[in-house]
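Protein chains in written order, with the working numbering: chain A, 6 to 329; chain B, 3 to 46.
Please keep in mind that the hints were generated in silico from the structure rather than gathered at the bench. All residues carry an ideal CB built from backbone N, CA and C; glycine is no exception. Where hints are given, some of them may not hold.
So the derived list for chain B, only partly shown, Cβ under 8 Å to chain A, looks like this [to be verified]: (1) M3; (2) V10; (3) L11; (4) G24.
Reference listing, derived: stretches of chain A covered by chain B, where coverage requires no fewer than 3 residues with Cβ under 8 Å from a Cβ of chain B [as the list claims (entries may be wrong)]: (5) 48 to 61; (6) 225 to 231; (7) 241 to 250; (8) 292 to 304.
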Amino acid sequence: MWGFIYMGAFIASFIISAILKMTVDPFGGKYVTHWDSTVGTVYTDLSYGDGEANRFDLYVPADSGREHYGLVIYLHAGGFTSGDKSGDAEMLQWLCAKGYVAAGINYTLFSEENPQANVYTQSVEIRDSIPSVIAEAEKLGYHIDEMAVAGGSAGHALAMLYAYRDAEVSPVPVKMVFGAVGPSCFYLEDWINMGVDPDHPQPVDPDTDYSGVAGLFYAMSGKEITADMFATGEYLERVKDISAAMWIDENSVPTVCAYGAWDRVQAFGASRRLDAALTEHHVPHEYIVFPHSGHGLQNDNKLYGVYMEKVTEYLETYMPIDCP
Amino acid sequence: MTLTQRRVLILVIVMIVAAVLGRLAVRAVMNLLLGGTLLGGNFL
Numbered sequence: 006m007w008g009f010i011y012m013g014a015f016i017a018s019f020i021i022s023a024i025l026k027m028t029v030d031p032f033g034g035k036y037v038t039h040w041d042s043t044v045g046t047v048y049t050d051l052s053y054g055d056g057e058a059n060r061f062d063l064y065v066p067a068d069s070g071r072e073h074y075g076l077v078i079y080l081h082a083g084g085f086t087s088g089d090k091s092g093d094a095e096m097l098q099w100l101c102a103k104g105y106v107a108a109g110i111n112y113t114l115f116s117e118e119n120p121q122a123n124v125y126t127q128s129v130e131i132r133d134s135i136p137s138v139i140a141e142a143e144k145l146g147y148h149i150d151e152m153a154v155a156g157g158s159a160g161h162a163l164a165m166l167y168a169y170r171d172a173e174v175s176p177v178p179v180k181m182v183f184g185a186v187g188p189s190c191f192y193l194e195d196w197i198n199m200g201v202d203p204d205h206p207q208p209v210d211p212d213t214d215y216s217g218v219a220g221l222f223y224a225m226s227g228k229e230i231t232a233d234m235f236a237t238g239e240y241l242e243r244v245k246d247i248s249a250a251m252w253i254d255e256n257s258v259p260t261v262c263a264y265g266a267w268d269r270v271q272a273f274g275a276s277r278r279l280d281a282a283l284t285e286h287h288v289p290h291e292y293i294v295f296p297h298s299g300h301g302l303q304n305d306n307k308l309y310g311v312y313m314e315k316v317t318e319y320l321e322t323y324m325p326i327d328c329p
Numbered sequence: 003m004t005l006t007q008r009r010v011l012i013l014v015i016v017m018i019v020a021a022v023l024g025r026l027a028v029r030a031v032m033n034l035l036l037g038g039t040l041l042g043g044n045f046l
């Protein structure tokens with residue numbers, strides 16, 4: 006009988022512990038907002054273009070008495086092929102609760118129905134959406150005079166493209182960018198080393214056929230890239246439009262970013278180039294590496310706390326709330 | 003230590019080991035999908 010009790014206890018403990026690991030918030034709700042009308046109001050599925058996906062959600066704070074507001078855009082993750090702005094409601098509510106007008110923006114995802122969509126077309130949609138987002142906020146009585154752009158994974162990549170490549174055409178000054186695990190550039194030597202020991206990357210082998218990587222870069226950039234372009238470096242010019250790190254200069258905006266050293270979804274090596282570019286051009290930034298984590302930043306909770314503290318600190322520094 | 007005390011002690015040890023393995027199993031699956039190390043960081 007005790008044998009069955011031991012077995013039952015083992016199975017029950019195993020399952021309960023696994024469920025708790027997956028469901029318990031390690032921060033005890035610190036970044037969760039109890040959302041109601043005293044915090045703000047959300048307007049969903051507002052249109053910014055003709056495309057089916059050209060929709061955004063706008064979160065406006067309950068306090069509508071200030072003369073001007075900062076706008077924070079948060080772009081959703083999903084590998085450029087999936088995801089939705091509703092998945093970031095918690096983050097958008099948190100930003101709104103801090104006093105910002107916050108917006109989650111959808112973009113046309115690469116799919117069988119939209120085979121022409123790629124990272125570049127998505128970044129253009131985001132660029133073209135910003136005036137509509139600001140106009141909608143103004144219509145509701147929230148005068149926007151500055152903005153930040155942010156996102157997770159694919160959304161982080163698009164946020165960085167807007168911040169480093171497109172900030173000059175923004176209707177209001179872009180003050181900062183933050184996000185996690187977004188691909189910042191596309192170098193062959195980085196992308197053949199996804200998920201391997203970050204301190205011992207494999208060198209490019211001239212005898213290996215890298216057609217798969219070429220196909221991936223082709224799909225993401227929308228420009229024809231073949232494996233033979235790797236030998237000459239010709240491909241780099243073709244991926245520049247989707248490589249945020251290649252647009253960084255001394256005028257680039259302050260940045261907070263977080264990356265997992267063992268990421269097997271995007272290239273960790275690309276984030277080192279992002280850090281190097283920001284350092285080289287003396288751009289204020291925080292580059293936080295999660296040494297035990299991958300794309301989910303899942304194994305370094307303390308560092309995730311550091312990341313959120315840095316985001317808060319940068320928001321307070323570069324996007325201070327103007328109290329009436 | 004009585005036989006019952008010994009059985010309860012074994013039961014507690016079994017539950018602790020199972021709880022650790024349950025969390026490690028989730029971590030291993032997540033690492034498989036996303037990348038990451040099995041040890042280090044927030045171990046549990």
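Structure-based check of each hint:
1. A cut of 8 Å between beta carbons decides the hint on M3(B): the least distance to chain A is about 15 Å, and the hint is violated.
2. The restraint placing V10(B) at the interface with chain A is violated, with a minimum CB-CB distance near 10 Å, outside the 8 Å limit.
3. About 12 Å separates the beta-carbon of L11(B) from the nearest beta-carbon of chain A, more than 8 Å, and the hint is not met.
4. Annotation: G24(B) was flagged as interfacial toward chain A, and the flag holds, the nearest CB pair being 3 Å apart, inside 8 Å.
5. Restraint check on the region 48 to 61 of chain A versus chain B: 0 residues with Cβ-Cβ distances below 8 Å, three needed, restraint violated.
6. Figure legend: the region 225 to 231 of chain A, annotated as covered by chain B; annotation inconsistent (0 residues with Cβ-Cβ distances under 8 Å, at least 3 required).
7. With 0 residues having a beta carbon nearer than 8 Å to a beta carbon of chain B, the region 241 to 250 of chain A misses the requirement of three or more and the stated coverage is violated.
8. By the rule of at least three residues with a Cβ nearer than 8 Å to a Cβ of chain B, the coverage given for the region 292 to 304 of chain A holds, with 9 such residues.
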